[in-house]
Amino acid sequence: MTDGEIRLEGVDFTYPDGTVALRGVSLAIGRGEFVALLGPNGSGKTTLSRLLNGLLLPTAGRVLVDGIDTRERTVAELALRVGYLFQNPNHQLVSATVRGEIAVGPRARRLPAAEVEGRMMRASVLLGLEALLDEHPLLLTLAQKQLVALASLVALEPLVLVLDEPTTALDAAERRAVMDLVQSIHATGRTILLVTHEMDLAGEYADRCLALSDGELIFDGSPRQIFTDEDTLGRASLEPPQVAQLAARLGQPRPWLSLDEAAAALLSGRSAAPGE
0 MTDGEIRLEG VDFTYPDGTV ALRGVSLAIG RGEFVALLGP NGSGKTTLSR
50 LLNGLLLPTA GRVLVDGIDT RERTVAELAL RVGYLFQNPN HQLVSATVRG
100 EIAVGPRARR LPAAEVEGRM MRASVLLGLE ALLDEHPLLL TLAQKQLVAL
150 ASLVALEPLV LVLDEPTTAL DAAERRAVMD LVQSIHATGR TILLVTHEMD
200 LAGEYADRCL ALSDGELIFD GSPRQIFTDE DTLGRASLEP PQVAQLAARL
250 GQPRPWLSLD EAAAALLSGR SAAPGE
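Heads up, the sequence shown is in numbering that gives the first Met the number 0, so the first residue is 0 and it goes up one at a time.
Don't read these hints as lab results, they were simulated from the structure.
Be careful, since some hints might not be right.
What the hints assert, rightly or not - Label-pair ranges, simulated between beta-carbon atoms: (1) Val74 <-> Arg30: 18 to 28 Å; (2) Leu265 <-> Val93: 23 to 33 Å; (3) Leu56 <-> His90: 18 to 28 Å; (4) Asp259 <-> Asn87: 25 to 35 Å; (5) Ala113 <-> Gly17: 45 to 55 Å; (6) Asp230 <-> Ala112: 51 to 61 Å; (7) Glu71 <-> Asp170: 34 to 44 Å; (8) Asn87 <-> Thr227: 25 to 35 Å; (9) Leu137 <-> Tyr14: 23 to 33 Å; (10) Leu132 <-> Pro252: 48 to 58 Å; (11) Ala113 <-> Gln244: 47 to 57 Å.
Bear in mind the structure is a predicted one, so any value in this text is a computation, not a measurement.
Ideal Cβ placement from N, Cα and C applies to all residues, glycine included.
Turn these sequences into a full structure, and let the hints steer you where they fit.
So, in structure tokens, the structure goes:
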């Protein structure tokens, strides 16, 4: 197993009150993949994502990050390998300035001052936050807060980022801005696990989809495949995005994944979507 890889082997998880959240989940995510984890509320998405950085430990089975069993490392140690972005960024913001917030992780590692500054600046540039470095994080918009929290993870330079519903409560323009920046992070070679119920995001940004239902992994394949898999969609209480539904209504042989793809196909008169 190389850096940036994740493996779950026969993982079960049961909460102290007896609620069974995961049953026999086995999967592998390779370095550099962009994976969408789909499913309705209560399907086990958040539980699975929190197993990856040791916030939770499996009741049975193993979770391996870079070949390391998560039971053998602390949450702080695993955070250097797997960055976790909570749904509400306010839960992660602790500093009086954006500059200080992004630098929290590197400082906690006691890195040299020049290295801390370098990581802070690289993360701020990557996330487009240079103009906000002296602002108080809690006075920013929700989308800006999300980007600051994400930059603070990037500054630790983990190879895996787990994003738990990062676009919740954002408007369409903010969703696009945040996800385009996530895509730019992915382009640096990082592994992205996007926990979401928004199928349009899965289609436009992810290379691969995993779907959970009642704690079981019921699908592992491409966005195009899940958009036409009626059984999986029904079991996971999911619907294809509108652009994929439009393709079906127009008799296209495969679903479109984005508005740009649909527009290109319609303008050129092509009936088929581009290859996988």
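Status of the hints after comparison with the structure:
1. Val74 <-> Arg30: 18 to 28 Å: 22 Å, holds
2. Leu265 <-> Val93: 23 to 33 Å: Cβ of Leu265 to Cβ of Val93: about 48 Å, so the range 23 to 33 Å is violated.
3. Leu56 <-> His90: 18 to 28 Å: 21 Å, holds
4. Asp259 <-> Asn87: 25 to 35 Å: Holds, at about 30 Å.
5. Ala113 <-> Gly17: 45 to 55 Å: Given about 51 Å between the Cβ atoms, the range holds.
6. Asp230 <-> Ala112: 51 to 61 Å: Check passed, 56 Å falls within 51 to 61 Å.
7. Glu71 <-> Asp170: 34 to 44 Å: 43 Å, holds
8. Asn87 <-> Thr227: 25 to 35 Å: 34 Å, holds
9. Leu137 <-> Tyr14: 23 to 33 Å: 31 Å, holds
10. Leu132 <-> Pro252: 48 to 58 Å: Check passed, 49 Å falls within 48 to 58 Å.
11. Ala113 <-> Gln244: 47 to 57 Å: At 53 Å between Cβs, range holds.
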